[in-house]
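Chemist: So you can see what is in the structure, the chains are spelled out below.
2 protein chains.
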Amino acid sequence: MDTKKEEAVAYLGPKASYTHQAALSEFPESKYIISPQTTIEDIFAAVQSSTASHGVVPFENSSNGSVVFTLDLFADLHGRYPDISVCGEIYLQVHHCLLGHAAKSQGETATSEPAHGISTQPGNPRVKPLHDIKHIKKLYSHPQAWGQCKLFLAAYFKGIERQDVSSTSKAAELVAQNTTGSSAAISSRMAAGMNNLDVLAQGIEDNQGNSTRFFIIRRQQDVVAPDAQNASVEMADYKTLVSFTVEHGEPGALADCLAIFKKHKLNLTSINTRPSGETPWHYVFFIEFRGRKRADGAGGAVNEALQELEKVAKNGRWLGSWSNKLKE
Amino acid sequence: MDTKKEEAVAYLGPKASYTHQAALSEFPESKYIISPQTTIEDIFAAVQSSTASHGVVPFENSSNGSVVFTLDLFADLHGRYPDISVCGEIYLQVHHCLLGHAAKSQGETATSEPAHGISTQPGNPRVKPLHDIKHIKKLYSHPQAWGQCKLFLAAYFKGIERQDVSSTSKAAELVAQNTTGSSAAISSRMAAGMNNLDVLAQGIEDNQGNSTRFFIIRRQQDVVAPDAQNASVEMADYKTLVSFTVEHGEPGALADCLAIFKKHKLNLTSINTRPSGETPWHYVFFIEFRGRKRADGAGGAVNEALQELEKVAKNGRWLGSWSNKLKE
Chain X
1 MDTKKEEAVA YLGPKASYTH QAALSEFPES KYIISPQTTI EDIFAAVQSS
51 TASHGVVPFE NSSNGSVVFT LDLFADLHGR YPDISVCGEI YLQVHHCLLG
101 HAAKSQGETA TSEPAHGIST QPGNPRVKPL HDIKHIKKLY SHPQAWGQCK
151 LFLAAYFKGI ERQDVSSTSK AAELVAQNTT GSSAAISSRM AAGMNNLDVL
201 AQGIEDNQGN STRFFIIRRQ QDVVAPDAQN ASVEMADYKT LVSFTVEHGE
251 PGALADCLAI FKKHKLNLTS INTRPSGETP WHYVFFIEFR GRKRADGAGG
301 AVNEALQELE KVAKNGRWLG SWSNKLKE
Chain B
1 MDTKKEEAVA YLGPKASYTH QAALSEFPES KYIISPQTTI EDIFAAVQSS
51 TASHGVVPFE NSSNGSVVFT LDLFADLHGR YPDISVCGEI YLQVHHCLLG
101 HAAKSQGETA TSEPAHGIST QPGNPRVKPL HDIKHIKKLY SHPQAWGQCK
151 LFLAAYFKGI ERQDVSSTSK AAELVAQNTT GSSAAISSRM AAGMNNLDVL
201 AQGIEDNQGN STRFFIIRRQ QDVVAPDAQN ASVEMADYKT LVSFTVEHGE
251 PGALADCLAI FKKHKLNLTS INTRPSGETP WHYVFFIEFR GRKRADGAGG
301 AVNEALQELE KVAKNGRWLG SWSNKLKE
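Residue numbers (our numbering), protein chains in the order written: chain X, 1 to 328; chain B, 1 to 328.
Just to be clear, a hint being listed does not mean it is correct.
Intra- or inter-copy, both count: the list cannot distinguish identical chains.
Stated by the list, open to error - Dumping the calculated EDC-like pairs for lysine to aspartate or glutamate here, alpha-carbon to alpha-carbon at most 20 Å: (1) LYS150 - ASP76; (2) LYS158 - ASP42; (3) LYS128 - GLU304; (4) LYS137 - ASP164; (5) LYS327 - GLU250; (6) LYS15 - GLU41; (7) LYS265 - ASP83; (8) LYS150 - ASP164; (9) LYS150 - GLU41.
Derived from the structure by calculation, the hints contain no laboratory data.
Can you make the complete structure from the sequences, with help from the hints?
Modeler: So, in structure tokens, the structure goes:
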């Protein structure tokens, strides 16, 4: 990767967002201009127009599923982002905190954490609050965070008003501005420090392994790698994303497409569907699998599979191949 | 269907929501007690506990895709809703309006609508506002509605603050309460009448065919129908929903499952995946297809396919068979 400082990397801002943390893990500020954007579409536009050399976009969360805004931008119904492709991925462990103002009158009467004896029961939250939370009348966070902290919210904030905001770091900002102290944010520990807020509870996500996967996008180019001739490296250590539609109303059209990947022993790692945007109840499919497209054209399981896919699918598009970062 | 008035039907409230309209289309108030609920989970709980005989839940929108909250309740990770199954579906055309207070000083300077000469270009909104909208500084709606009106919002409300609320009808209520007149709601025409608001624009959805599909749920029971022996009726006029997981890391596991439906000529009508909730990056699959499970056990394409599916999939669950209502 080029290391001159002029290269800009667009990410979903503001600062202290999880996407910011993901971007910094791959693109150190000493070498890149890290540029916050307001929406995921802004990131696609910055990369398409070459304003940024790379973009970092959230793709899926292990608890909450796919980010449909990102999928719809890859589907690119209006042909605005034809050159965008995926060139890498970043996995980030997401540990949510409840940030706010600890009640002064209560003192620091921290309860134990994690919630011993409860954590192993399915359907109960993993942790208890560190401080009294009775004064909290309103919560702020990004919609994805509610879905990742369902058990904690059901146990401690049932019926409490929730306000959706554009990011978890924005939520922390708003709580810091509220001088009554009666609001709290689901946000990151990094945001607590930046906004001078107390951590009222930590690790409040339902699943300890809660992670978000981000894609690194850039303008499309052929993938050239020195180990392209090594079949075992190609299969195990890369992933590829493709999108396509199928003939509606034909039994087995999707099964025929997936059979191609099976025939070439390409293991699927994710499958998503979104409305095609053209006709109601028609879908575009996103298939991700282990393997890599080779720049030298024919040959290799992925290249052969993509050629066969063209014969049974419609509107097929290769959306990138990149190095697998999931350690299992 | 039983017609005694004591039967309660739970739907996603409040009144004048699209789910309310869908529920009324199938369950007239003269025969049923129509009971609004705050969340989709409340509807599942009401039916599981037999507080309501039926529930009406949103499943997918033709523009915006699946309702992940509903999918996760069917996945039922914590075993709370084991008896819920789908017994019917309702398609409702969704025409969004922009509701607010027309600016008095501007008079009724309605611009033409639909936007002639623009409507055929992809990426442009289908309609123009009926009234001046310069005084609108804040918009309220349900998150799904933003996704269904992207083009109108990009053309006329770029950068304007958006507030997510729990339903489109709640959005209209909040705008009616705001006496400054500077806010507007994306909501239904029915909500304009109930809240004494002006229709500032109508038909603002991106796709004219914008529709939402609702499921009718009830406690599970075998499907007994007089025409169960008629193979052609079974294939064409019913749908079935199943969920399952597959052995992770085995190439072609999902392909093998889908091949079963192809073998039995069962056309897939939707496919969805959600995080399994147990291990990160493992998924539960929801497959919907044309056909119906027969109550008399063996025989019939669907029953045979479900038996074969048990051998290759894990945690397989039949989630219901019902009469297809999509007219093509």
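Chemist: State for each hint whether it applies.
Modeler: Now the hints, each set against the structure:
no.	hint	verdict
1	LYS150 - ASP76	between (32 Å within a copy, 14 Å between copies)
2	LYS158 - ASP42	between (35 Å within a copy, 13 Å between copies)
3	LYS128 - GLU304	neither (53 Å within a copy, 49 Å between copies)
4	LYS137 - ASP164	both (15 Å within a copy, 18 Å between copies)
5	LYS327 - GLU250	between (38 Å within a copy, 17 Å between copies)
6	LYS15 - GLU41	within (18 Å within a copy, 34 Å between copies)
7	LYS265 - ASP83	neither (28 Å within a copy, 38 Å between copies)
8	LYS150 - ASP164	both (15 Å within a copy, 18 Å between copies)
9	LYS150 - GLU41	between (28 Å within a copy, 12 Å between copies)
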